[in-house]
Amino acid sequence: MGKTLFEKVWDEHVVDSIDKGPSILYIDKHLIHEVTSPQAFNGLNNRKIKVFRPEKTVATADHNVPTLNQHLPIKEELSRNQVDTLTKNCKEHNINLYGLGHKYQGIVHVIGPELGITQPGMTIVCGDSHTSTHGAFGSIAFGIGTSEVEMVLSTQCLLQYKPKTMLIEIEGDLREGVYSKDIILYIISKISASGGTGYFVEYAGSAITSLSMESRMTICNMSIEMGARGGIIAPDKKTFEYLKNKEFSPKGNDFYKAINKWKNLKTDVDAKYDKVIKFNAEEIEPMITYGTNPGMGIKINETIPSSAINNSDESFKKSLEYMGLNSGEKLLNKKIDYVFIGSCTNSRIEDLRVAANIIKGKKIADNVNAWVIPGSKSVEKIAIKEGLSKIFDEAGFEFRQPGCSACLAMNEDKIPTSKYCVSTSNRNFEGRQGPGSRTFLASPVTAAISALNGYVSDIRKDN
Amino acid sequence: MEKFKKLNSKLTPLNIENVDTDQIIPARFLKAVTREGFGDNLFRDWRYDNHDNLIDDFILNKIDFNSQILLAGRNFGCGSSREHAAWSIYDYGFRVVVSSFFADIFKNNALNNGLLVVQIRQNILDEIFNKLIKYPSLTFNVDLNDQKFYSDDGVFEENFEINEYNKTCLLNGFENIDYLLNIKEKIVKYEEEK
Numbered sequence: 001m002g003k004t005l006f007e008k009v010w011d012e013h014v015v016d017s018i019d020k021g022p023s024i025l026y027i028d029k030h031l032i033h034e035v036t037s038p039q040a041f042n043g044l045n046n047r048k049i050k051v052f053r054p055e056k057t058v059a060t061a062d063h064n065v066p067t068l069n070q071h072l073p074i075k076e077e078l079s080r081n082q083v084d085t086l087t088k089n090c091k092e093h094n095i096n097l098y099g100l101g102h103k104y105q106g107i108v109h110v111i112g113p114e115l116g117i118t119q120p121g122m123t124i125v126c127g128d129s130h131t132s133t134h135g136a137f138g139s140i141a142f143g144i145g146t147s148e149v150e151m152v153l154s155t156q157c158l159l160q161y162k163p164k165t166m167l168i169e170i171e172g173d174l175r176e177g178v179y180s181k182d183i184i185l186y187i188i189s190k191i192s193a194s195g196g197t198g199y200f201v202e203y204a205g206s207a208i209t210s211l212s213m214e215s216r217m218t219i220c221n222m223s224i225e226m227g228a229r230g231g232i233i234a235p236d237k238k239t240f241e242y243l244k245n246k247e248f249s250p251k252g253n254d255f256y257k258a259i260n261k262w263k264n265l266k267t268d269v270d271a272k273y274d275k276v277i278k279f280n281a282e283e284i285e286p287m288i289t290y291g292t293n294p295g296m297g298i299k300i301n302e303t304i305p306s307s308a309i310n311n312s313d314e315s316f317k318k319s320l321e322y323m324g325l326n327s328g329e330k331l332l333n334k335k336i337d338y339v340f341i342g343s344c345t346n347s348r349i350e351d352l353r354v355a356a357n358i359i360k361g362k363k364i365a366d367n368v369n370a371w372v373i374p375g376s377k378s379v380e381k382i383a384i385k386e387g388l389s390k391i392f393d394e395a396g397f398e399f400r401q402p403g404c405s406a407c408l409a410m411n412e413d414k415i416p417t418s419k420y421c422v423s424t425s426n427r428n429f430e431g432r433q434g435p436g437s438r439t440f441l442a443s444p445v446t447a448a449i450s451a452l453n454g455y456v457s458d459i460r461k462d463n
Numbered sequence: 001m002e003k004f005k006k007l008n009s010k011l012t013p014l015n016i017e018n019v020d021t022d023q024i025i026p027a028r029f030l031k032a033v034t035r036e037g038f039g040d041n042l043f044r045d046w047r048y049d050n051h052d053n054l055i056d057d058f059i060l061n062k063i064d065f066n067s068q069i070l071l072a073g074r075n076f077g078c079g080s081s082r083e084h085a086a087w088s089i090y091d092y093g094f095r096v097v098v099s100s101f102f103a104d105i106f107k108n109n110a111l112n113n114g115l116l117v118v119q120i121r122q123n124i125l126d127e128i129f130n131k132l133i134k135y136p137s138l139t140f141n142v143d144l145n146d147q148k149f150y151s152d153d154g155v156f157e158e159n160f161e162i163n164e165y166n167k168t169c170l171l172n173g174f175e176n177i178d179y180l181l182n183i184k185e186k187i188v189k190y191e192e193e194k
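Sequence lines, in order, name chains F and X. Counting in the working numbering, the first sequence runs from 1 upward without gaps. Counting in the working numbering, the second sequence runs from 1 upward without gaps.
Isolated chain X, as found in the complex:
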């Protein structure tokens, strides 16, 4: 997993609630047996029409909104547990998803892939969506070390929560599986005692 570095970027506003993982990556694109290339089909049915033509007014198709931070409505990532959702967002180039509420499994999957989820208050999320209508180029910073999400115009500054363990993993690129493989003796002991 790549280390998470402090970043500065515009936002890609997706002001839709309950974005489920079927929207993020439809099931018919889950047939691969490797992790690569899912970004091409991120939000496939919102990006392309039935004839594979780009839908111009979808946010990802507007060149001005290319960024590393996806700003999404509440309850992002609900539905299916497919990790392909996190892979596709990361593969597309996003490193952070900001919302007021995340579905549990998506959150786990994101963190396991170095994709940071930043949960902020609903009213602030609404204010940022509104602000971007007038100022789409406003840039924001994500500082995981200080757990801060703030805008370069000085208007927004939000602290966000993250567990110490997950923070350490993201900052150092550590993976859970290595942790587990390192405590195998303990696991065997547990099995024996059970």
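Chain F on its own, in the form it takes in the complex:
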């Protein structure tokens, strides 16, 4: 029997297996940031050991950094200490750090691909659940905890149980106004925030292969929001084209040699998945979430339902209470207070371009505070060069500096209590964007048009 893409990459990285236990999985690339690494370095220092393969780890500061005045010392003491600790640890252990001010700094899952660090067939881990993003390149990428960060730093390996495999296939043409964020929010609304737990998901079908690399990253990024360990998409011409001439991609003849190898990274015709789910692309419409987990999503013109798959009545009710919403109510035309365009899900140049295209020459509504946080210094640079930052500024958006920002509200960028935010990020959990904040997850397009109108808007009607 043939192998799935996931199994091919996995099997190639198994160093050994423990009888009746996990496999020892070799890790090709390890990304670290300031929040989930300090305790891991402490562990190494306590054992008096050095990082085993420092050239295979890359660091950046993203979760805890301010998005204004990055050239100044970080004001908040604890945040500053965490970023300084990362700098110190990287120096002591010879790890490449793209810290604040560096031209490569940015959200860890934005810079990995754009620098060509992420490549097909690799195993990639990071102490961050959205590491699944890198699966868009045909790599096995998943989030780990800090103890595991310590394991990778000290041995370049992890003990892992092989997850089950799932295929999500989406055939057909996407309708107008539908973007990759809508696809993934649609999938999660159908299978719930726990429907992928225990699985590694491969996305396939014409609706997936038609997407750009940026859009594929958005899909794989949110795999974790259905509980899946990760998502993977077979590399193709678009993947190779994207990686061409990237800073750390193979160069010259080596690049073509690599492509020849990468071409084999696809599921065999006779391979079997543990689970297969199929969707029709034409059924997908612009999506928005109304609840406090990413599975609680609806088509933007639908009314809020009275139940959701894998949510008990009690949990469902608690969720709507927190959101200040009722079953039967429409989200469309609901007044909003904030718009956040950013995060590892939707802060790439493509996202900024589509949003800028909508707001060009217009003004955001008076009742809205709107932020655009580019995913990296490189995205920021292109946005400035292309005049996008000017478009955002003139429309009344605040175009800030790179970081995770209001996606998780670790820095100053917080949505105030009980305020509504249309957000291009990945989680609508209680308090995720600040204590008491209320999040509507949506695509950059929906976020942009909603910012102009001051209420939740449908790009197909309100533009």
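Some hints here could point you the wrong way.
[Stated by the list, open to error] Restraint-style ranges between C-beta atoms, simulated for each label pair:
#	chain 1	residue 1	chain 2	residue 2	range
1	F	Lys162	X	Gly173	21 to 31 Å
2	X	Ile63	F	Lys381	55 to 65 Å
3	X	Thr34	F	Lys381	34 to 44 Å
4	F	Arg47	X	Thr139	38 to 48 Å
5	F	Ser210	X	Ile63	53 to 63 Å
6	X	Leu171	F	Lys91	31 to 41 Å
7	F	Tyr256	X	Gly173	50 to 60 Å
[What the hints assert, rightly or not] In silico BS3-like cross-links for lysine-lysine, where the CA-CA straight-line distance does not exceed 27 Å:
#	chain 1	residue 1	chain 2	residue 2
8	F	Lys261	X	Lys194
9	F	Lys318	X	Lys62
10	X	Lys184	F	Lys8
11	F	Lys263	F	Lys244
12	X	Lys186	F	Lys56
13	X	Lys31	F	Lys75
14	F	Lys50	X	Lys189
15	F	Lys91	X	Lys184
16	X	Lys31	F	Lys414
It should be emphasised that the hints constitute simulated quantities derived from the structure, not laboratory data. Glycine included, each C-beta is placed from N, C-alpha and C at the ideal position.
Take the given structure of chain F and dock chain X to it, following the hints.
The following block gives chain X in isolation, referenced to the frame of chain F:
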């Protein structure tokens, strides 16, 4: 890692589904660079209001429900991979989390810190939640060696699954990192052959 010992305790019932790690420990409390002290902010925004006053009817604020076993709704620990979630639960004093379904990364993080996750059937979980409404002081036993979770009134007795490898680690306080450090030669050999 501390060895996992057989324990007898009341339960702390948290009958909420999809408890994500942002609820367990909000991001703004992740700024420390050591592992200690996270228990103070466990379920911070459910325990305290905006003015840092205790919210009386939250389960952790009811003295009668102090225990070593957290009983939680399905899909516990979803969301962010922050190990601080497992640290905060352990630091607060829990040694076991019982639910009908756990998120993958949380499960790994818990086991790496000596926090046992016990998965039981949904209908049994529901029955225990119901029973605790009337009998909040009912005590339960967690026996990792025999892989049993059972109540002292003899009504509930559930077997739970755990991989042999993880069980050995928990019972003996072994850590994965030591295992990996001990097979470094194999890892180097793998690198050379690749």
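Distance restraint evaluation - Ser210(F), Ile63(X), Cβ atoms, bounds 53 to 63 Å: holds (59 Å)
Range hint compliance [Cβ, Leu171(X) to Lys91(F), 31 to 41 Å]: holds (40 Å)
Taking the beta carbons of Lys162(F) and Gly173(X), is their distance inside 21 to 31 Å? holds (26 Å)
If you draw a straight line from the CA of Lys31(X) to the CA of Lys414(F), is it 27 Å or shorter? Within the cut-off at roughly 16 Å; holds.
Please work out if Lys50(F) and Lys189(X) have their alpha carbons no farther apart than 27 Å. Answer holds: Lys50(F) to Lys189(X) is near 19 Å, not above 27 Å.
Next pair to validate is Lys91(F) with Lys184(X); report whether the Cα-Cα distance is within 27 Å. Answer holds: Lys91(F) to Lys184(X) is near 24 Å, not above 27 Å.
Does Lys194(X) lie within 27 Å of Lys261(F) when you go C-alpha to C-alpha? holds (14 Å)
Holds or violated: are the alpha carbons of Lys186(X) and Lys56(F) at most 27 Å from each other? holds (18 Å)
Decide if the proposed pair is consistent with the structure: Lys318(F) and Lys62(X), CA atoms, cutoff 27 Å inclusive. OK: Lys318(F) and Lys62(X) at ~20 Å, within 27 Å.
Can you let me know if the beta-carbon spacing of Tyr256(F) and Gly173(X) is within 50 to 60 Å? holds (51 Å)
So if I understand the rule, the pair passes when the alpha-carbon distance is 27 Å or less; does Lys263(F) with Lys244(F) pass? Given that 27 Å is the threshold and the Cα spacing comes to 15 Å, the pair holds.
Given the hint of 34 to 44 Å, is the C-beta distance from Thr34(X) to Lys381(F) inside that range or not? holds (36 Å)
In the structure shown, no violation is registered for any of the earlier numbered hints.
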